[in-house]
Amino acid sequence: MKLRNTIQFKLLLPIVLLLLVAAACIGAVSLYVFDTNNRQSELGAQALQASHHAHNANQVVGKIDTLVQETLDMVSIKSEAHLRTRFESFAAELNVTLNALRATSQEPEILEQISSLESETNIWIKNVRLLLGLDKSNQIPTRFAFSKQTQKIASKSLEISMLTEDVVQNHSENSRNEFKNGLLMVAALTLGLLATITIYLFSRIKSIGVSMTNLASSMTEIVDGNLDLAVQGQDRKDEVGQMARNLSKFASDLSELDHVKKEKFLLSHDVLTGLANRRLFTERLEQELMDHANRGNLIVALIDLDNFKFINDTMGHDAGDALLVELSNRFQKIADRCNGLVARFGGDEFAMIARTGTSYQNAEELGEFLLSKIAIRFQFNSNLIQPGCSIGFANVEDLETPVISDALKAADVALYEAKASGKARFQVYDESIKALHIRQQNLAENLKSAIRGGEINASYQPKICLNTGAMVGVEALARWQMNGEWIEPEEFVTIAERTGLIRSMDMQVLKSAAEFSVEVYGKTGERLAISSNMSAQHFLSEDIVSNVQKILKQTGLPPSYYTLEITENSAVENWDAVVSTLAKLRMLGIKISIDDFGTGYSSLSYLQRFKFDEIKIDKEFVNRVDENDDSLFLFSSIINMAKGLGSKIVVEGIETSQQGIFAKQAGGHIGQGFLFGKPLSRTDALAYVERIELSAVA
Amino acid sequence: MRIWRHITIALIGVFSLEHSSVSSAQEISQLLRDEFKRPTVITFPDNAPYSPQVATLGKMLFFDPRLSGTQNMSCTTCHNPSFGWETPVEKAIGTKNVALDRHAPTVLNLYEAPQFFWDGRAKTLEEQAEGPITHPKEMGANFPDLIARLEQIEEYQYWFGMIFPEAGITKSNILTAIATFERTLISGWSAFDDWIAGDENAISNSAKRGFDIFTGKAGCSNCHSGWNFTDHQLHDIGLETEDLGGGIFAPDDQSRQHTFKTPTLRNITDRAPFMHHGDLLTLRDVIAHYETGGIQRPSRSKLIKDVKFTNQEVEDLISFMATLTEPNPNIKAPSLPPR
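Going line by line, the protein sequences match chains A and B.
If you count the first sequence from 1, position 153 lands on 153 in my numbering, and the numbers rise without skipping.
Remember, my numbering sits 698 above the position in the second sequence when you count from 1.
Same shape as in the complex, but just chain A (with noise of 0.2 Å):
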């Protein structure tokens, strides 16, 4: 930057240059009040002086009264050289002191009255020599003339005194006048520079001032993240200049840098909770678990919130989004007590790594807080929220590959367990879990081969009309043998779920069954109705109307013997898409149950939306009606609503011959469990079927 530009010289030069200007026309007016004092001072003095002249004369008039005086007392005789002697010393002191007036006086009308003075003075002295006897005459002047005499000299002498005196005053007046109007001359200069470095400095100033605010103001929103705005006072060439084009420079780097940040930000954040996304999350346990050294204590923990669907459901997505927010919130505070990390995974899923030894001595310890935690009822808008999660822990020191997959499959495998126990509750991976894991995972790849070779049978369940005892139909159930052993259908759908194999398990039953059906009508003449579970994986695509038009097609069943039976869970939790997959799927000409009625937690509102050809009321309803008559109450009612619904009512589990009454008394329709036939494999199903007359029910 040129000097001249700068702020420093724009401000200090003028104040300089002022100050310089400023000081010399003090200078030289006070120099000229100086020397004017100094003329006056002069002048007063030689006034003063010729004053004391003037007093000094009337003094010696005085001596040589006096003199005079003591001669005419007559009181001794004082000889003539005597007088003579004072006399001219007299004489010569009062014309030296004349002298002295004259030459110090200047004034016209003083010299004037010094003349006066001295002729009446030459006169006087005549007469005083007369009187002393210094010159002889025969007349000397009376005593009272001469007295007279001498009070005019010396009134003269005092008026010249006095006037002196008052040219002295004059003169210190016009001194003082004129030190008075040199001051005031040096106090407007002043004023007047300092008015004039005031209002210079304060336009500058004013001017760098305005341009520091606006830089500030700019500063300001930069901070608040603003970073293309306009930074004013870039054509500035000062150093407020520099300033703006740099503050400019860095805003817009600034809003580069904070378009990366950001970028990468989202990458790795979840965009409601502002938690980490899975990827940063896994890059960090990545990170956790190549630290050898201090993995020992590392967890790691899924969490899944319970009920997250009822609540987005009966309260709305905001409050669904609200409680992801809030529950993130206490994790990440609790994630932070234990040198952690929580991540929301997608959904209602979230995951923690977490240490032990920190806030928290072991996994179990963490699962109670965050349970604790968790229960803290949440309120929304005028709802009370009860959240709810299950928590699946896996320590890393128990894992024996401490790898990503592993340890998250490994919480996995908890979590599933704890929710499997009962919600709201957590599960550490152990070596139990660690056991039931690994047959998961067994179980998962034999069935995945299984079903890929066919080798998933199905079994059939009788389904008995409870007023007339007939068959009307067989419910075909996913059968699988493992190594020779059966492996309970409960165990290996939910891997199926689980692995996504259930859509090809579904579709194998199907087709088994449908195959059964045409085959019994091959052999009997008559039409087996069969019914099959349909995951709601499968309603989450289209693909379920074409796959089982297709199987449908394949077979020969007609489709109005095929009763097609979906979950109430998985029918309410995907209610938008499934109604319109159900609506496709019943075009085809099948019928559609819904199963387990009862146990979900939905209201009942979604029957309104769709009517289902059969309700199937789930098994725990008949279990304990012969507990106790509220339970038989209960069994009554809903087999009373769904019947209102006008569908037909099937159910589930009668084991006993009461249970078989209790049902049919209450009005259901069709029967089904051990009391009429346990689940029959496809040989014994058609061997039965031959041994029993079919009623069409369908």
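Hints were generated in silico from the structure; no laboratory data involved.
No experiment lies behind these values; they were computed from the predicted model shown.
Glycine is no exception: its CB is placed at the ideal position from the N, C-alpha and C atoms.
Some clues are possibly wrong.
Claimed, not checked - Taking CB as the label site, the calculated pair distances span:
hint : chain 1 : residue 1 : chain 2 : residue 2 : range
1    : A       : 34        : B       : 1030      : 54 to 62 Å
2    : A       : 139       : B       : 917       : 31 to 39 Å
3    : B       : 852       : A       : 147       : 33 to 41 Å
4    : B       : 917       : A       : 111       : 52 to 60 Å
5    : B       : 1004      : A       : 139       : 36 to 44 Å
6    : A       : 147       : B       : 917       : 32 to 40 Å
7    : A       : 111       : B       : 852       : 48 to 56 Å
As the list claims (entries may be wrong) - Cut-off 20 Å, straight-line C-alpha distance, at most; resulting in silico cross-link-like pairs (SDA-like, lysine to any residue):
hint : chain 1 : residue 1 : chain 2 : residue 2
8    : A       : 126       : B       : 741
9    : A       : 152       : B       : 737
10   : A       : 553       : A       : 586
11   : A       : 148       : B       : 741
12   : B       : 1030      : A       : 73
13   : B       : 735       : B       : 811
14   : A       : 136       : B       : 741
15   : A       : 136       : B       : 861
16   : B       : 1030      : A       : 75
17   : A       : 148       : B       : 737
18   : B       : 1030      : A       : 66
19   : B       : 1030      : A       : 69
20   : B       : 821       : A       : 138
21   : B       : 735       : A       : 149
22   : A       : 152       : B       : 895
23   : A       : 584       : A       : 545
24   : A       : 152       : B       : 738
25   : A       : 136       : B       : 743
26   : A       : 148       : B       : 897
27   : A       : 136       : B       : 810
28   : A       : 78        : B       : 856
29   : A       : 136       : B       : 739
30   : A       : 333       : A       : 361
31   : A       : 78        : B       : 762
32   : A       : 78        : B       : 747
33   : B       : 1030      : A       : 67
34   : B       : 794       : B       : 843
35   : A       : 136       : B       : 745
36   : A       : 523       : A       : 686
37   : A       : 148       : A       : 65
38   : A       : 10        : A       : 21
39   : A       : 78        : B       : 855
40   : A       : 148       : B       : 900
With chain A held as given, fit chain B onto it using these hints.
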């Protein structure tokens, strides 16, 4: 001369009165007053010039009782400055404790006088001074003894030697010194002098009226003229006296019988009793005398007027005369040489 001057003033007054202007009356008054203006110089005779030494020596002698024969009185015994240079008795008492023939006259304002003593027998002050010193009834000294006595006094020796280097202590030098001193004796500046000088408030209205009577109706200023209120001449004012005054030296001149020298009226209030015999004790007596006009005899002055005064006029005259006194004797006693 003086009469003519009065006539001139009167003529001017008449002339002025024709114009009947106040200012002319004032002018007359001013002219009249100018008559009484004091001189500013003292004139000394050529043979006895002034010197402070001579005058002081004269003063010493004047105050020195050693000038009397029995050394019991000095000039000041009878010419006491505290009584206007007189003594407050009808007739002063002499060295032999005997009253003298006349009242002691003042020695004030004598420098201009042409004759001395009540009867005017001395023509100079020197001459006059010899009289009382040597008169047996007065100081009773004789000069040889006196000179011898003074010569015994070292300081007189010294001063006479210095002042009169040729002769030293002589009769003539003694008398010259005394006369020179006497010439310096001038009455003080009185209220009247201030009035004459123009200060209208210097004297009372009564005094001013007195002045008018004095110079007008009473005709006092016919003889008591000028600043010194004397014409230095001898007049018979009709006093009852056996003393012939000036007549002693002119027995044949009728007009000079009972004539006495007009005394100055300066400091007159200090100088009672009055007249050559001192028989008039107060100024009222003096005025009363003039009202009577005195004894009608051939020598009585023609200037004596037949006047009568009201009481007020008497008061005015006395008021006026009082303004002529300057009460401060204005004299310092000289330091006299010891024996």
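Quick rundown of the hints versus the structure:
Between residue 34 of chain A and residue 1030 of chain B the beta carbon distance is about 59 Å. The supplied range of 54 to 62 Å therefore holds. A C-beta distance of roughly 33 Å is found between residue 139 of chain A and residue 917 of chain B, which places it inside the suggested range of 31 to 39 Å. Taking the beta carbon of each, residue 852 of chain B and residue 147 of chain A are about 35 Å apart, inside 33 to 41 Å as hinted. For residue 917 of chain B and residue 111 of chain A, the hinted distance range of 52 to 60 Å is satisfied, since their beta carbons lie about 54 Å from each other.
Residue 1004 of chain B and residue 139 of chain A have their C-beta atoms about 42 Å apart, which keeps the hinted 36 to 44 Å range intact. About 34 Å separates the C-beta atoms of residue 147 of chain A and residue 917 of chain B, a value consistent with the hinted range of 32 to 40 Å. In this structure the hint that residue 111 of chain A and residue 852 of chain B lie 48 to 56 Å apart at CB holds, the actual value being about 54 Å. A hinted pair counts as satisfied when its Cα atoms are at most 20 Å apart, and residue 126 of chain A with residue 741 of chain B qualifies at roughly 16 Å.
A C-alpha spacing of about 18 Å is found between residue 152 of chain A and residue 737 of chain B, which places the hinted pair at or below 20 Å, so the restraint holds. Restraint check for residue 553 of chain A and residue 586 of chain A: the C-alpha separation of about 15 Å stays at or below 20 Å, so the hint holds. For a cut-off of 20 Å, the pair hint linking residue 148 of chain A to residue 741 of chain B stands: about 19 Å separates their Cα positions. Taken as a hint, the residue 1030 of chain B and residue 73 of chain A pair is honoured in the structure, with Cα atoms around 6 Å apart against an allowance of 20 Å.
A C-alpha spacing of about 17 Å is found between residue 735 of chain B and residue 811 of chain B, which places the hinted pair at or below 20 Å, so the restraint holds. A C-alpha spacing of about 12 Å is found between residue 136 of chain A and residue 741 of chain B, which places the hinted pair at or below 20 Å, so the restraint holds. Proposed proximity of residue 136 of chain A and residue 861 of chain B is supported: the alpha carbons are some 14 Å apart, at most 20 Å. Distance check on the hinted pair: residue 1030 of chain B and residue 75 of chain A sit about 6 Å apart at the alpha-carbon level, within 20 Å; holds.
With a C-alpha separation of about 13 Å, the suggested pairing of residue 148 of chain A with residue 737 of chain B holds against the 20 Å cut-off. A distance of roughly 15 Å separates the Cα atoms of residue 1030 of chain B and residue 66 of chain A; the hinted pair therefore holds under the 20 Å criterion. This hinted pair checks out: residue 1030 of chain B and residue 69 of chain A have alpha carbons roughly 11 Å apart, not beyond 20 Å. Pair hint residue 821 of chain B plus residue 138 of chain A holds up; C-alpha atoms about 18 Å apart against a cutoff of 20 Å.
Annotation: proposed proximity of residue 735 of chain B to residue 149 of chain A holds, straight-line Cα distance about 17 Å (limit 20 Å). Using a Cα cut-off of 20 Å, the hinted pair residue 152 of chain A and residue 895 of chain B holds, with the two alpha carbons roughly 15 Å apart. Note on residue 584 of chain A and residue 545 of chain A: the hinted pairing holds, with a Cα-Cα distance of about 7 Å set against a maximum of 20 Å. For the hint linking residue 152 of chain A to residue 738 of chain B, the alpha-carbon distance of about 15 Å falls within 20 Å, and the restraint holds.
For the hint pairing residue 136 of chain A with residue 743 of chain B, the CA-to-CA distance comes to about 12 Å; that is within 20 Å, so the pair holds. For the hint linking residue 148 of chain A to residue 897 of chain B, the alpha-carbon distance of about 15 Å falls within 20 Å, and the restraint holds. For the given pair, residue 136 of chain A sits about 19 Å from residue 810 of chain B by alpha-carbon distance, which is consistent with the 20 Å threshold. For the proposed pair residue 78 of chain A and residue 856 of chain B, the alpha carbon gap of about 12 Å is at most 20 Å, so the pair holds.
Annotation: proposed proximity of residue 136 of chain A to residue 739 of chain B holds, straight-line Cα distance about 14 Å (limit 20 Å). Straight-line distance between C-alpha atoms of residue 333 of chain A and residue 361 of chain A comes to about 17 Å, which keeps the hinted pair within the 20 Å bound. For the proposed pair residue 78 of chain A and residue 762 of chain B, the alpha carbon gap of about 18 Å is at most 20 Å, so the pair holds. The straight-line distance between the Cα atoms of residue 78 of chain A and residue 747 of chain B is roughly 17 Å, inside the 20 Å bound, and the hint therefore holds.
For the hint pairing residue 1030 of chain B with residue 67 of chain A, the CA-to-CA distance comes to about 15 Å; that is within 20 Å, so the pair holds. Proposed proximity of residue 794 of chain B and residue 843 of chain B is supported: the alpha carbons are some 18 Å apart, at most 20 Å. The straight-line distance between the Cα atoms of residue 136 of chain A and residue 745 of chain B is roughly 12 Å, inside the 20 Å bound, and the hint therefore holds. This hinted pair checks out: residue 523 of chain A and residue 686 of chain A have alpha carbons roughly 9 Å apart, not beyond 20 Å.
Pair hint residue 148 of chain A plus residue 65 of chain A holds up; C-alpha atoms about 11 Å apart against a cutoff of 20 Å. Between residue 10 of chain A and residue 21 of chain A the alpha-carbon distance is near 17 Å, which keeps this suggested pair within the 20 Å criterion. Taking the CA atoms of residue 78 of chain A and residue 855 of chain B, the gap is about 15 Å. The hint holds against a cut of 20 Å. Straight-line distance between C-alpha atoms of residue 148 of chain A and residue 900 of chain B comes to about 17 Å, which keeps the hinted pair within the 20 Å bound.
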